[in-house]
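Colleague: The chain contents come next:
Number of protein chains: 2
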Amino acid sequence: MKRRQFVGGLAAAATLSACAQDAADCGGDGAISRQTFEWSCVTSWPPKFPGLGMAPENLAARVEAASAGRLKIKIYGGGELVPPFEVFDAVSRGTVEMGHGASYYHKGKVDAAQFFTAIPFGMTNLELNAWLYYGGGMALWHELYAPFNLVPFPTGNTGVQMGGWFNKEINSVNDLKGLKMRIPGLGGEVLRRAGGTPVTLPGSEIFTALQTGAIDATEWVGPYNDASFGLHKAARYYYYPGWQEPGPGLETIINRDAWNSLPADLQEIVSTTCQAITTDMAAEYTNGNAVSLQQLKKDPNIELRRFPPEVLGLLRTIAQDVVDELMASDPAAAKIGEAYFEYLDIVSENSRIAERAYLNTRES
Amino acid sequence: MKRRQFVGGLAAAATLSACAQDAADCGGDGAISRQTFEWSCVTSWPPKFPGLGMAPENLAARVEAASAGRLKIKIYGGGELVPPFEVFDAVSRGTVEMGHGASYYHKGKVDAAQFFTAIPFGMTNLELNAWLYYGGGMALWHELYAPFNLVPFPTGNTGVQMGGWFNKEINSVNDLKGLKMRIPGLGGEVLRRAGGTPVTLPGSEIFTALQTGAIDATEWVGPYNDASFGLHKAARYYYYPGWQEPGPGLETIINRDAWNSLPADLQEIVSTTCQAITTDMAAEYTNGNAVSLQQLKKDPNIELRRFPPEVLGLLRTIAQDVVDELMASDPAAAKIGEAYFEYLDIVSENSRIAERAYLNTRES
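As given, the protein sequences belong to chains Z and X, one line each in that order. Residue numbers for the first sequence, in this note's numbering: 229 to 592. Residue numbers for the second sequence, in this note's numbering: 229 to 592.
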């Protein structure tokens with residue numbers, strides 16, 4: 229894999245000498261670099277989209293404040309500078325210094341990256357963070373992205389998603405047959421094998437497709453984001469739980485040359501702020517979902533429904549096959565997948581007697 | 229409420245003039261203060277205790293790195309500088325600049341603070357953070373601590389705790405009668421009304437009390453911390469779920485004069501690092517609990533048990549009475565408690581179809 233020249237990094241390096249001279253003249257404590265950086269961050273989201281799009285905005289504002297303006301990051305919505313799904317390439321080749329998106333968008337380029345976002349019937353938000361920060365996950369992620377000249381930072385998590393909006397009732401596995409549903413990634417492949425027709429559509433086209441009957445169903449995120457797209461005005465049945473993405477983690481990716489050009493204090497500010505955004509985004513989603521759900525429940529045109537157990541059971545069986553094939557297709561996916569499922573075995577035993585047992589008691 | 233003199237703040241203010249002069253001489257960008265601070269942080273934890281005690285250590289190390297050494301924080305274990313439960317007073321009167329502990333330790337001084345840690349059958353980690361950061365909780369917390377010259381920052385969460393270690397089986401509500409159990413706070417009061425005898429013991433004395441039969445049972449935290457105390461060597465039955473503390477949030481408190489003496493960039497570094505520690509501690513606990521639980525399950529002398537539903541039902545009914553009385557006793561507790569339960573009503577509806585429905589599906 230070739231190492232690409234990083235334009236921003238070279239420009240920044242030139243600035244460095246001038247600033248270093250400045251500091252030496254002052255005879256100050258010398259520990260604080262006055263070097264300034266202006267970065268661009270491309271994202272996969274509509275600008276300032278609730279949750280997903282606010283995370284990079286919040287990240288940039290906080291980094292600028294914490295660095296006293298030494299690191300300014302300009303955020304671009306998907307398509308403003310590069311298309312939403314070309315964030316990885318743009319940051320990898322150094323067109324921009326930073327990106328915010330989801331690692332499973334890199335399917336086809338680096339298939340194994342999907343384990344760091346979400347796996348059907350896999351880890352929740354809390355479990356994924358435990359694996360990444362304390363269970364060895366981050367080391368695998370760094371290793372996977374190193375050939376692309378990228379440094380990854382977990383930055384946000386939407387929490388458990390919803391099953392989606394349907395204009396057909398799902399009463400048995402037969403109702404999946406012929407179902408045209410907007411559902412990307414591994415979840416879409418699972419639906420296909422269950423007899424459905426998965427469709428990939430960007431967020432902006434979902435509402436119309438659902439309203440016109442071009443699709444029978446769609447998953448998106450959860451009440452907070454779904455309501456902001458107006459999906460409840462285009463479908464009757466709102467199904468839960470989301471089995472396809474049980475706690476997707478988002479990522480910040482930084483071009484390695486840009487990262488290496490930062491002094492140690494700014495590196496610490498960036499990595500700590502990314503971790504803070506993970507708490508912040510989960511709080512924004514939990515609150516937003518709760519408030520939006522309350523409103524949706526008042527709408528007589530909407531029925532909140534649970535998928536029948538036999539449907540979830542079938543999807544789960546197929547999901548295991550799909551993930552097994554992913555792991556068999558690629559040595560990196562095999563290595564990371566084995567680590568992921570070994571950890572899931574252990575961590576899910578704890579979730580069973582902690583979160584699950586508690587919520588069942590409280591909600592009984 | 230009188231405003232106490234803050235010694236550290238005055239010393240810091242003197243340093244400020246010298247540094248400001250320095251910066252002016254240099255003709256630099258002027259935005260970066262070179263002023264340095266050396267703070268002391270007292271805690272309620274044994275030094276470097278897994279999870280709880282590591283949070284302030286990690287906080288201090290990161291703040292020092294992110295500030296390029298301009299803000300150094302020395303961490304003291306409980307009892308090293310002030311006793312574990314005198315953190316609030318020491319920071320309030322400015323003996324030290326910072327403290328890390330739990331707001332429910334301030335019972336008796338500021339009863340309403342208990343809502344910001346944990347309430348029996350109340351909010352989980354994700355729900356509490358949603359309330360604090362996006363549901364109005366932080367504004368109430370700031371208001372509550374203002375008369376004490378303190379600024380609060382949520383900093384860490386242990387997640388759902390365990391019900392505890394028992395040397396008597398709990399098969400019915402009758403088994404609670406006469407039960408001598410180490411369980412502090414609101415949970416202890418609930419047990420008392422259910423016929424038990426709650427005992428308050430510092431962590432360091434729990435093992436011996438349980439082993440000698442001075443107590444029949446104890447709650448502590450969860451597998452990670454419980455195993456490090458060796459509680460599994462002193463009791464046979466490990467009960468779940470923890471009903472008394474379903475996701476206790478920890479706090480950093482900062483003396484307001486010390487806080488005001490920080491330049492804006494260091495304030496941002498501190499507040500963002502506190503929020504990052506919330507992700508980090510949850511990850512440490514989720515991982516530590518999972519690994520420790522796996523080990524405990526291999527021990528033939530331990531039985532993992534679920535509390536009978538009728539026991540949980542009784543405890544829940546009593547808990548509501550106990551919290552109602554707390555709210556009736558104090559206007560601040562009434563105001564904060566009303567906001568807490570109004571939010572719990574909304575947020576728990578979402579948890580029911582998100583985390584709960586998903587975990588039930590995955591673990592079925």
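Treat the hints with care, since some could be wrong.
Identical copies go unnamed one by one, so any copy, or any two together, can satisfy a pair.
[Unchecked claim] Keeping only pairs whose Cα atoms sit at most 30 Å apart, straight-line, the calculated BS3-like set for lysine-lysine is:
1) K300 - K563
2) K563 - K525
3) K526 - K563
4) K302 - K563
5) K396 - K563
6) K526 - K300
7) K335 - K526
8) K337 - K302
Calculated directly from the structure, the hints in this document are not laboratory data.
Colleague: Are the hints correct? Go through all of them and say.
Modeller: Checked hints:
In this assembly of identical chains, the alpha carbons of K300 and K563 never lie at most 30 Å apart, being 37 Å within a copy and 41 Å across copies at closest. For the homomeric pair K563 and K525, the shortest alpha-carbon distance between copies (27 Å) is at most 30 Å, but the shortest distance inside one copy (44 Å) is not. For a Cα distance limit of 30 Å, the shortest separation of K526 from K563 across copies, 27 Å, qualifies, whereas the shortest one inside one copy, 47 Å, does not. In this homomeric assembly, K302 and K563 never come within 30 Å of each other (Cα to Cα): the closest approach is 36 Å inside a single copy and 41 Å across copies.
In this assembly of identical chains, the alpha carbons of K396 and K563 never lie at most 30 Å apart, being 39 Å within a copy and 45 Å across copies at closest. For the homomeric pair K526 and K300, neither the shortest alpha-carbon distance inside one copy (43 Å) nor that between copies (52 Å) is at most 30 Å. In this assembly of identical chains, K335 and K526 lie within 30 Å of each other by CA distance neither inside one copy nor across copies; the values are 39 Å within and 39 Å between. Taking the closest pair of Cα atoms, K337 and K302 come within 30 Å of each other only inside a single copy of the chain (26 Å); across copies the shortest separation is 46 Å, beyond that limit.
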